[in-house]
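Fit chains B and C to the given chain A structure using the hints.
Chains as they are written, first to last, in the numbering used here: chain A, 1 to 94; chain B, 1001 to 1163; chain C, 2001 to 2557.
None of these hints come from the bench; they were simulated from the model. Be careful, since some hints might not be right.
In silico contact screen, one side only, chain B against chain C (beta carbon under 7 Å); selected entries [claimed, not checked]: (1) D1082; (2) T1087; (3) C1119; (4) A1156.
As a list, the in silico EDC-like pairs of lysine to aspartate or glutamate whose alpha-carbon atoms are at most 20 Å apart [claimed, not checked]: (5) K1079/B x D1107/B; (6) K1079/B x D2034/C; (7) K2478/C x E79/A; (8) K2223/C x E2288/C; (9) K2248/C x D1057/B; (10) K2037/C x E59/A; (11) K1079/B x E2033/C; (12) K1079/B x D1016/B; (13) K2037/C x D1107/B; (14) K2478/C x D64/A; (15) K2037/C x E52/A; (16) K2165/C x D1082/B; (17) K2248/C x D1082/B; (18) K1079/B x D2244/C.
Pairwise CB distance ranges, derived in the manner of DEER restraints [to be verified]: (19) R2003/C x Q1048/B: 53 to 59 Å; (20) E2300/C x T12/A: 48 to 54 Å; (21) R1162/B x Q2247/C: 44 to 50 Å; (22) D1016/B x Q2273/C: 29 to 35 Å; (23) Q2273/C x Q1133/B: 34 to 40 Å; (24) M2001/C x P1011/B: 52 to 58 Å; (25) R1162/B x R2276/C: 20 to 26 Å.
A virtual CB, placed ideally from N, CA and C, is assigned to each residue, including glycine.
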Amino acid sequence: MTGQMILANRLTDGRVVFLAADGRWVDDIAGGAVATAPGVASQLLATARVAESRNAVIEPCLIDIRQVAGHRQPVAWREAIRATGPTVRTDLPA
Amino acid sequence: MGLVRGGSLVPDPFTDASSLGELPAGVPLIISLEQWQVRRDELLARGQPLGLRLRSDQSPTRIADDLAHFAVVALEFPKYRDGRAYTHARILKERLGYTGEIRAVGDVLQEQLHFMQRCGFNSFDVVAPDAEQAWRTVAGDHTVWYQATGDGRPRALDRRHRR
Amino acid sequence: MYRYDEFDHTLVAERIATFRRQVQRRLSGDLTEDQFKPLRLMNGLYLQLHAYMLRVNIPYGCLSARQLRQLAYIARRYDRNFGHFTTRQNIQYNWIRLDETPDVLAALAEVEMNAMQSSGNCVRNITADQYAGRARDEVEDPRPWCELIRQWSILHPEFSYLPRKFKIAVSGAPVDRAAVKFHDVGLYLRRNADGVVGFEVIAGGGQGRLPYVGHTIRDWLPKEDLLSYLEAILRIYNLGGRRDNPQKARIKVQVNALGPDEFRRLVDEEWAQIRRSALLAVPRAEIERIAAYFADPAWEVLADDPVAVTRQRGVDPGFDDWYRANVVAHRTPGYAIVNLSLKAPGIAPGDLTADQMDKVADLADRFSIGELRVSHRQNLVFPDVRQGDLPALWQELRALSLATPNIGQLTDIIACPGLDFCSLANARAIPVAQDLSRHFGDAAVLQDVGELTINISGCMNACGHHHVGNIGILGVEKNGQEFYQLTLGGSSGEDASLGDRLGRSISAADVPPAIDAIVARYRALRLADERFLDTYRRVGIEPFKEAVYGARAREVA
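Just chain A, same shape as in the assembly (with noise of 0.2 Å):
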């Protein structure tokens, strides 16, 4: 399954967050809703911006994910590290 998401900086600690469907904002990619059909994508888009005016988020914006191995990921390489994190310096604590 492809589609689309949104995916912004939380204001407050600048962390990644995804637009979930009842409008809130969600840490983990599993939990944001995905836009199958191009006006879901717009509408998604609408509500992320009337957050971004009401400063919950910094730029959100949409951008297309795929399934690979059962899990949702983002197609481009750079909203993918977005998603999971640096790829080095896993030995930290989050």
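For chains B and C alone, kept in the frame of chain A given last:
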């Protein structure tokens, strides 16, 4: 919006005609360098106070000999990021000896007011819902300065060695 | 080290109070991100891929044990237990919360540190030779002048909205360890024909998309004229630097568009107007006040090369390797400058954990009069170690994985944070460095190859100094995949040069074999103990092209 001078909102007797083709009659005008260069005699004949508005790419050294004609020199910040007018203000005051009103116009924001003041600006067309409040908010931000400018405030090092 | 007095403390405290108000206005929605961004950047706070990043200044690379302990505290309390030392004598924290940033700044202020102007279009952290005040080849200690420049540059009312950022580096020695010629303004302390010490002034150097070696615009400047001359340069730049295109807004573009002669003429014309200005005069008493903070510590009277060290070198090859690679001559008999390598195999270059910071601080107290330095090659330095203590210090550093004998060698790799952290990056840099440091882990090979720098950047902005690595590696993105472009022959030293592009970019997996091939070709071609850079300059790029790309190099490159 509003013109702040001496920490208070003040009425602005000038009409900014720097981008107008037709000059309004009977009021003090702020005009552009181009208008001054082309219509100098006509402007002087009006018998009204004059102000000059300079873009950030126009150095006040270009009108050094004419400064006595202007009660106001307005220096423009097209964007707050364009910092050329800080230098222009210092040159105008410290080098050319201009003692009239040096007005900050354009993208004049609260957080830059202090630097502007230190460079010689003494009036501020502030972009804020409440210009006077904006001024008051930042007025006490700094009491120590590492640099001297023409505003006479002592540097940290001057105070260190005065003791 | 310089210590804040009441004025310095007040200035920093006021700055934090202002930023606290600005953060509150942002959190309450009073400021939009567009309005807030320049304000946070002026206080060193970036938004990166995963979180906010705070860049903290280590002015001219000087750090006390007490300050390092506080950096460790901040890493634990506000971040994820580590910090990253950069190529500009800064430390970066990658996981700082916006709402806690004013508290972090207050914690820094407790130990006389700050993050002011570590970003933004203003004068950035003043950097210097990490061996300042201790190097044998030094003409004069640059640190008092760095501090004078630092104070002049902080919250400068005229120069806080320059066309672009502005970096200044100072070296007191003819051997350039501070990449002076790749700064917006670089200064070398040197003697004129009469033996008087002044500054050679270089302007218009830089890396990034448009790399340039700086031009000497004044052979010798009297020391007392330093601030007025810098003010003249900044004024000419503020008025004449391009503001229409951020890629072309650095002073290097202005200097090279005008030509160094015309740029010099403009600066001199302005300087003539302000040189005698009382506003820029620095009383002798102030220079002496600052210089007093950098007075020599009470070194003991000791002899060079104590028996304990000579004996240990004879019997312990590991110690001898470290001694030869990481220990540098000190100007005082019986003392040594010791480099702590932050480039152990598999480690992200420049990273130090909070635990390591605490332990290094303890070692600095025990072995180096409580002081350390940070180098632009992302290592630490103990400037004042008694030679007799070297074996004991080596043991302690080994236990912390900070004694890899590789300073200035193949695995002393510079790497920017790259796409693992940075929002500007196109490709990762740290994993490439990790692979190379593991691949070339053999001390014997390192020693045989000798002086050879590898610098890796994750994008054209060149924070990883790839243009000036003897071997440069630039990460690029092609069709969503990471590739790496090699350059050869760069040098950030007094013999400054920009690297030449070797050929088409290669995959990450192909980087170690490519470096193998380059190193093997160098070992085959070098004359006697010729350095890689000298061999490259003698034989040119072709043999290395062939080594990496094979006989078809010319067709495919």
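Hints, verified against the model:
| no. | hint | result |
| --- | --- | --- |
| 1 | D1082 | holds (6 Å) |
| 2 | T1087 | holds (5 Å) |
| 3 | C1119 | holds (5 Å) |
| 4 | A1156 | holds (4 Å) |
| 5 | K1079/B x D1107/B | holds (5 Å) |
| 6 | K1079/B x D2034/C | holds (13 Å) |
| 7 | K2478/C x E79/A | holds (15 Å) |
| 8 | K2223/C x E2288/C | holds (13 Å) |
| 9 | K2248/C x D1057/B | holds (17 Å) |
| 10 | K2037/C x E59/A | holds (12 Å) |
| 11 | K1079/B x E2033/C | holds (16 Å) |
| 12 | K1079/B x D1016/B | holds (19 Å) |
| 13 | K2037/C x D1107/B | holds (16 Å) |
| 14 | K2478/C x D64/A | holds (18 Å) |
| 15 | K2037/C x E52/A | holds (14 Å) |
| 16 | K2165/C x D1082/B | holds (13 Å) |
| 17 | K2248/C x D1082/B | holds (15 Å) |
| 18 | K1079/B x D2244/C | holds (12 Å) |
| 19 | R2003/C x Q1048/B: 53 to 59 Å | holds (58 Å) |
| 20 | E2300/C x T12/A: 48 to 54 Å | holds (52 Å) |
| 21 | R1162/B x Q2247/C: 44 to 50 Å | holds (46 Å) |
| 22 | D1016/B x Q2273/C: 29 to 35 Å | holds (31 Å) |
| 23 | Q2273/C x Q1133/B: 34 to 40 Å | holds (39 Å) |
| 24 | M2001/C x P1011/B: 52 to 58 Å | holds (54 Å) |
| 25 | R1162/B x R2276/C: 20 to 26 Å | holds (22 Å) |
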